[in-house]
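Given chain A, put chain B in place with the hints provided.
Sequence lines, in order, name chains A and B. Residue numbers for the first sequence follow full-length UniProt numbering, beginning at 1 and rising by one. Residue numbers for the second sequence follow full-length UniProt numbering, beginning at 1 and rising by one.
Hint data in this document are derived by calculation from the structure and do not stem from the laboratory.
When chains are identical, the list treats them as one kind, so a pair holds in a single copy or across two.
Here are the simulated SDA-like pairs of lysine to any residue, each with C-alpha atoms no more than 25 angstroms apart in a straight line: (1) Lys-278 with Gly-59; (2) Lys-34 with Gly-59; (3) Lys-34 with Glu-60; (4) Lys-34 with His-70.
This is what each chain is made of:
2 protein chains.
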Amino acid sequence: MLRPPYTPLVDSLPSTVPFVGPETQERRRGRPFKARIGANENGFGPSPTAVAAMAAAAGEAWKYGDPENHDLKQAIAAVHGVGPENVVVGEGIDGLLGLAVRLLVEPGRAVVTSLGAYPTFNFHVAGFGGRLVTVPYVADRESPDALIDAVRRERPAMVYFANPDNPMGSWWPAETVERFAAAIPEGTLLVLDEAYVEFAPEGTAPRLDCADPRVLRFRTFSKAYGLAGIRIGYAIGEAELVRSFDKIRNHFGVNRIGQAGALAALADTDHLTWIRGKVGAARERIARIAADNGLQALPSATNFVTVDLGRDGDYARRVLAALVERDVFVRMPGVAPQDRCIRIGCGLDAELDYLAEVLPEALAAAG
Amino acid sequence: MLRPPYTPLVDSLPSTVPFVGPETQERRRGRPFKARIGANENGFGPSPTAVAAMAAAAGEAWKYGDPENHDLKQAIAAVHGVGPENVVVGEGIDGLLGLAVRLLVEPGRAVVTSLGAYPTFNFHVAGFGGRLVTVPYVADRESPDALIDAVRRERPAMVYFANPDNPMGSWWPAETVERFAAAIPEGTLLVLDEAYVEFAPEGTAPRLDCADPRVLRFRTFSKAYGLAGIRIGYAIGEAELVRSFDKIRNHFGVNRIGQAGALAALADTDHLTWIRGKVGAARERIARIAADNGLQALPSATNFVTVDLGRDGDYARRVLAALVERDVFVRMPGVAPQDRCIRIGCGLDAELDYLAEVLPEALAAAG
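Okay, chain A solo, but in the shape it has when bound:
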């Protein structure tokens, strides 16, 4: 018996996955990592009130979560000074990006992004048959000028822009983003990925008019809120665009324990302030470790620091492999010229102590 035929689109897709998880690597290696600083997780952890809320919600896990995410949307709306009708909650930014692509991208339609930007967005574009058009980074930043040029040329369904950027940690001030958003032509959606913006300096998040249907801004509980494991993100935008997610989203897809955790996390602004301080200190520490080894840390507005190893991608991949071999989980940018760098997460003191210990060996081993 043959299996039922896939759609031609699915048939055309590769079997590669955007990211291999640290657990997979641990199983292959047969031992755990000593420093888990490769997935931009936040090891300082979530608010204790969020942990308590989730533990309490565990006993009520027999109930489906509220499919409208009502309470969480109200709280998010209050934080951002928008209406709940401007907020859609989903299974992480990853899940919401997939839905946004599905809403707007016909097979063959152009989608613009930067070469080397977030691979999971590209995964979704390919998955719905979109045609990816990439522009290069300029000086290790996503380039609004290059992106808008490509947008004017291609008239794409969407243009992706992360601010701050992953994997480089670079960022633009609010005014630049506002000018970029204002230049988006009718018919194109600006996908503004702000997963890391809580780590950025004041004046990074742009003021955007919620009535403007050309921009959707994406936020997450995975980074500053330390809740990657609950898989909840949200998008803010014009009400009709937001409502259209209801046509295709998995209505009961957001888990109830996560809803409770996110709601509590949002209320604990002291914890968020504390996290910002810890992450800021860890960024400085990573920069010092880099300098101690003759390496240049790039400026970062995120909870990771991208370190320029000063040579080519082959060398950086050897250093990365040598770190992984020494039980340090890190990742690196995928394409040149950014792939001369490795990306180091703002881990706990003990993790960065360990990194400081083994980095010289790893550099030596890479030759």
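Same frame as chain A, now just chain B:
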């Protein structure tokens, strides 16, 4: 400014949602339900070891879940006597149904189901442009004969079959399902939804050959395991078909706390046995309440009992409204002739006591 254009397919979709949650109804009503017995949740709750595992995992919620769901897949594979390569884990059966449709259904392609069967499956088929072909229930059961006739005529991408059935609670023995599966022609996938099968009599779950690519069987932690709130389901099938989900699924979509809960729940077979006993007793209780009111409870192999009100859909909708008004959350089948019934979940004793108290009033109010 106009918003960016949706795809023509999205433009064609209605804004209706498959189910309105009880929380939405509570907000509209301005007060909570006294009996939450309408969503086929399992109020007897999850295994205490699962609750403990989730509470413990809450503190580690800063980590992404394992995107391979490795440990959970191993455990599921062991329970079912299949290989882990035959198991795909996802965000509930709902999430996996959406992915399965996306893998196989081109716009315009036929998909066969029963008129009045699971609306969320239909939501996904419509969402990917499939053409739904329905056959009637026969004597309140999904009809394998009618379904296979339609399959032979339409050569659809998929045929949906729930055993036991929701919303009627009816079921077929394993041999019937095995004959049905054997009759599926090459090119069609049998979507076998077994969300409720743990509540069914021994001899309901068919023996299926995992090497046969014509069947995917879907299971969930939402029903017998009492974990609707964690949003984890799985599908079992032929290895290449299972692997193809990796091309399109949200790899980091399953939450870490849920992974821990599901793993612990699967190991607690004593709790599952206890749940079966509680549900069996509640089914008998609901049948007695029905009989006390001159109504006929249909046989059920699920954790709900569908009660025939003996008149038409308008009457049943009035009874339902009268129950909701009296703080009993219940639902009912959506289409005739099944809509002469209401569907009552196997609630706790106190909930069924309350139902017994208000049902006579509700029937009287409906006239």
